[in-house]
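Chemist: Sequence:
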Amino acid sequence: MIEALLVATGGFFGAITRFAISNWFKKRNKTQFPIATFLINITGAFLLGYIIGNGVTTGWQLLLGTGFMGAFTTFSTFKLEAVQLLDLKKLYIFLLYLSATYIIGILFAFLGMKLGGI
Numbered sequence: 001m002i003e004a005l006l007v008a009t010g011g012f013f014g015a016i017t018r019f020a021i022s023n024w025f026k027k028r029n030k031t032q033f034p035i036a037t038f039l040i041n042i043t044g045a046f047l048l049g050y051i052i053g054n055g056v057t058t059g060w061q062l063l064l065g066t067g068f069m070g071a072f073t074t075f076s077t078f079k080l081e082a083v084q085l086l087d088l089k090k091l092y093i094f095l096l097y098l099s100a101t102y103i104i105g106i107l108f109a110f111l112g113m114k115l116g117g118i
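Numbering (the UniProt record's numbering), first residue to last: 1 to 118.
If you are wondering where the hints come from, they were derived from the structure by calculation, not from laboratory data. Watch out, some of these pointers could steer you wrong.
[As the list claims (entries may be wrong)] Subject to a maximum C-alpha distance of 30 Å in a straight line, what follows is the list of computed DSBU-like cross-link-like pairs (lysine-lysine):
1. K79 x K90
2. K79 x K26
3. K90 x K27
4. K79 x K89
5. K114 x K79
6. K89 x K27
7. K30 x K90
8. K90 x K26
9. K89 x K30
10. K30 x K79
11. K27 x K79
12. K89 x K26
[Unchecked claim] The following label-pair restraints were derived from C-beta to C-beta distances:
13. K79 x A20: 19 to 25 Å
14. Y92 x I2: 44 to 50 Å
15. V83 x K27: 21 to 27 Å
16. T17 x K90: 25 to 31 Å
17. F75 x K26: 16 to 22 Å
18. G117 x L86: 35 to 41 Å
19. A8 x K89: 38 to 44 Å
20. K89 x G55: 43 to 49 Å
Backbone N, C-alpha and C fix where the C-beta goes; we use that ideal spot for every residue, glycine too.
Take these sequences, add in the hints, and give me the full structure.
Modeler: Written as structure tokens, this is what we have:
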């Protein structure tokens, strides 16, 4: 039961944090590139890598990794925004968004793991 509470608590705070950051960026960003989701996802990849690389206890992994990072990052919004760019015939931005998110996200997860393991 405690494990579920840790995940739920982390998830609550992760979702609220993503909501706040996303709204802040949307008010200030007028480009078609979905910068808020991009920055949230690569930051989340780095932080999750750092958490795992740091070798934190299972409780912290559940709270911060599964809960917070699981709710903070957003695979579904990433895919939706990519499809919306295709619908708008913004092929260049679509390809840039997909490639940058995957390549930089994997790189940041790797860097997080390495820095967490130091």
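Chemist: With reference to the structure, classify each hint as holding or not holding.
Modeler: Going down the list of hints, with the structure as the test:
1. K79 x K90: holds, 15 Å
2. K79 x K26: Measuring from Cα to Cα gives roughly 18 Å; hence the hint holds.
3. K90 x K27: holds, 21 Å
4. K79 x K89: It holds: about 15 Å lies between the C-alpha atoms, which stays within 30 Å.
5. K114 x K79: holds, 28 Å
6. K89 x K27: holds, 24 Å
7. K30 x K90: OK: K30 and K90 at ~15 Å, within 30 Å.
8. K90 x K26: holds, 19 Å
9. K89 x K30: holds, 18 Å
10. K30 x K79: Roughly 20 Å separates the two Cα atoms, so the pair holds.
11. K27 x K79: With a Cα-Cα distance of about 21 Å, the restraint between K27 and K79 holds, given a limit of 30 Å.
12. K89 x K26: Holds, at about 21 Å.
13. K79 x A20: 19 to 25 Å: Check passed, 22 Å falls within 19 to 25 Å.
14. Y92 x I2: 44 to 50 Å: holds, 48 Å
15. V83 x K27: 21 to 27 Å: holds, 23 Å
16. T17 x K90: 25 to 31 Å: Holds, at about 28 Å.
17. F75 x K26: 16 to 22 Å: At 19 Å between Cβs, range holds.
18. G117 x L86: 35 to 41 Å: holds, 38 Å
19. A8 x K89: 38 to 44 Å: Cβ of A8 to Cβ of K89: about 41 Å, so the range 38 to 44 Å holds.
20. K89 x G55: 43 to 49 Å: holds, 47 Å
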